[in-house]
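Chemist: Residue-level listing of the chains:
Protein chains: 2
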Amino acid sequence: MDLTKLKRPVFVIDRAKVRRNAGRMAERARRSGIILRPHVKTHQSAAIAGWLREFGVRAVTVSSVDMAAYFLGAGWTDVLISVPVNVHQIPEIDELASAGTVHVIVESGRTAQALLEGAAHPLNIWIEVDAGYHRTGLPADRHEAIVEVARIVRRGDRHQLRGLLCHDGQTYAASSPGRVREIAAASITALSSAVDALAKAGFPGLSLSVGDTPSCSMMEGFPPPITEIRPGNFVFYDLTQSGIGACGEADIAAAVACPVIAAHPERDELVVYGGGVHISKEAVRLAGGEACYGKVCRLRSDGTGWGPPLAGAFVSSLSQEQGIIRMPPLIGRTAGIGDTLIILPVHACLTANLHAAYYVIGEGWVDKFRS
Amino acid sequence: MDLTKLKRPVFVIDRAKVRRNAGRMAERARRSGIILRPHVKTHQSAAIAGWLREFGVRAVTVSSVDMAAYFLGAGWTDVLISVPVNVHQIPEIDELASAGTVHVIVESGRTAQALLEGAAHPLNIWIEVDAGYHRTGLPADRHEAIVEVARIVRRGDRHQLRGLLCHDGQTYAASSPGRVREIAAASITALSSAVDALAKAGFPGLSLSVGDTPSCSMMEGFPPPITEIRPGNFVFYDLTQSGIGACGEADIAAAVACPVIAAHPERDELVVYGGGVHISKEAVRLAGGEACYGKVCRLRSDGTGWGPPLAGAFVSSLSQEQGIIRMPPLIGRTAGIGDTLIILPVHACLTANLHAAYYVIGEGWVDKFRS
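So the sequence lines, in the order shown, correspond to chains A and B. Heads up: the first sequence at position 113 corresponds to 112 in numbering that gives the first Met the number 0, and the numbers run straight through without jumps. Heads up: the second sequence at position 63 corresponds to 62 in numbering that gives the first Met the number 0, and the numbers run straight through without jumps.
Chain A with its partners taken away, still in its complex shape:
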């Protein structure tokens, strides 16, 4: 495919950057002697997950039962479904557990009980605990409630209670790397205390699974009882992560390549074919307060990737299929109809989700799961 003459928006991947990002994260896990179980919801692609095998990755995290079925079907044998079990999907989960090693999470006695009654094949069960994000999970300091769910899980002798699992999504609101580390440290303290309480209640040797991309990118190490981390976004990174300090803009490994369809130099704007259904409407705020739906780069002339973000250029508005690019006058005059612009995403997971396939620069298309 000629990226300089685009028929439609294309999700492009710089594989060398993915490899560098993945290698760094794998090295961080290796130094702490823990497992990297990447969250593959970011790309939903067995091919891209496969790129991480060279770094020893053998297990993945997914965000739905359907995605688990796709990865098990694609040859992955150890899959964790990181959304609390939907009681109406237990028959599907049970079927998957007959085909591979399946991990699920529960955060209520009600759901744990339903699993015991409905799942015949062995499952690895994690109790989800909330250390401050307040989405799902039992509050980390409610030790009695956590032990109570553990007791229900133990009644099902087919299944194995693996430990506690937490997602510290509150790191995404952190204003600095220091603040991310503080949140992660407080979380690990609270979670370790809950693991201790379980040990005292007759559940010794349980593991701890943690893993948002900001804290996994910035923590010094992963102390026991952590046995695995589940970051996802780090393979691509994005403007949200660079804003937090989890990566540099040069680490962002995925983008949307869009053709320019209109030029309006009188108002310093270009319009690309590429809108909310290609880029997603997640925004970050620029220093001046403007909503930014993506930063803008040029293709490198040798076709091997893209250059740094153009100073002052950003996606200022998104319709369903079109995006308005604010362009500083000097740059705007050198780009026009038919040219390709590269849009760095605000939230790579949601952007990737909008595409049926990805184009790896210099290699070709890779396939992915679609719900």
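Check the hints yourself; a few may be wrong.
Identical chains blur together in the list; that is why a pair holds if it fits in one copy or across any two.
Here are the simulated lysine to aspartate or glutamate pairs, EDC-like style, with alpha carbons at most 20 Å apart [said to hold, decoys possible]: (1) Lys6 / Glu94; (2) Lys6 / Glu265; (3) Lys16 / Asp250; (4) Lys4 / Glu91; (5) Lys6 / Glu116; (6) Lys4 / Glu94; (7) Lys199 / Glu147; (8) Lys4 / Glu116; (9) Lys6 / Asp93; (10) Lys16 / Glu265; (11) Lys6 / Asp65; (12) Lys4 / Asp65; (13) Lys6 / Glu26; (14) Lys6 / Glu91; (15) Lys4 / Asp93.
Since the hints were derived computationally from the structure, they do not count as laboratory data.
Chain B: place on chain A using the hints.
Modeler: Relative to the frame of chain A, chain B by itself:
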């Protein structure tokens, strides 16, 4: 499918409401003696577009060349692609023009010239004009520039210049129905003046195509030279439209049905399986300033649809696959794990885009275009 026991989030449609919404819009067009050419990007479904045939609809508007190919392949014979032509897609457009009546829009001499050189089959060409939205289109008051593009189009004697086309997307920022009508009236005055200027320059009898959903829902009528309107969202409507006053909440004909996977009465929240990849992250602000990603209804007990929005309940946060619902304590205590909640969308077009198929309540699944 049993909507009371959901395995995964489902985009649901109340067909009776679609029919009522479509009938009203068709009647508005009929009274003014103009064509309703609905913008089918809202649902991207030939089946749903087919529901409008009973109201005399014979032509559609689409937002991409690929979507045009899908609708032409599904038996629609008159399709307008309402995004300025991407010069690299002219071969595809030319092929479509050999199979049906294809309308395209241009807003620059550069693109008009490329069309003349690259398209062998007859096209219907509209010049896009901007009456205040400032996305694409030549400014409506730049009559000379508009005439200049018309002259280029006329050089291609295979093609037919149909007229001027405008999308007044600025109505979406209007604070009241009165303001929507003011914007629409000013736009029509400016566009009529441009049509007059074209007539004086030797291009008599040109048409005017307008049509955002707010103004099409609220204008008194559609005076000449308007010959067609292109609203899209009106088939479903959504919380953005009800906020503007283009519809009532009872008119919203599509929603996402989600199973509850976690209950947190201690903080008046439920969590559904249903996130940004099912609902989309478009938000409206509530009176108290909170971001609202959807309002929340219950399924009707007779299974024919859903009730009115629950007072005080709304989607307050969306992760990739999960949504947090703020629930007033009294309602929250009567809903729990395994129950179904109905989420009214903020922007139905973007929500529909995320689903591979739709479930029409009481009938079954309908298929759609997927890029």
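Chemist: None of the hints should be skipped; say for each whether it holds.
Modeler: Structure-based check of all given hints:
no. : hint            : in the structure
1   : Lys6 / Glu94    : between (42 Å within a copy, 14 Å between copies)
2   : Lys6 / Glu265   : neither (26 Å within a copy, 52 Å between copies)
3   : Lys16 / Asp250  : within (6 Å within a copy, 48 Å between copies)
4   : Lys4 / Glu91    : between (44 Å within a copy, 14 Å between copies)
5   : Lys6 / Glu116   : between (53 Å within a copy, 17 Å between copies)
6   : Lys4 / Glu94    : between (46 Å within a copy, 18 Å between copies)
7   : Lys199 / Glu147 : within (13 Å within a copy, 83 Å between copies)
8   : Lys4 / Glu116   : between (57 Å within a copy, 17 Å between copies)
9   : Lys6 / Asp93    : between (44 Å within a copy, 14 Å between copies)
10  : Lys16 / Glu265  : neither (37 Å within a copy, 44 Å between copies)
11  : Lys6 / Asp65    : between (31 Å within a copy, 10 Å between copies)
12  : Lys4 / Asp65    : between (36 Å within a copy, 17 Å between copies)
13  : Lys6 / Glu26    : neither (40 Å within a copy, 38 Å between copies)
14  : Lys6 / Glu91    : between (40 Å within a copy, 9 Å between copies)
15  : Lys4 / Asp93    : between (48 Å within a copy, 17 Å between copies)
Consistency with the previously given hints fails for numbers 2, 10 and 13, ordered from lowest to highest.
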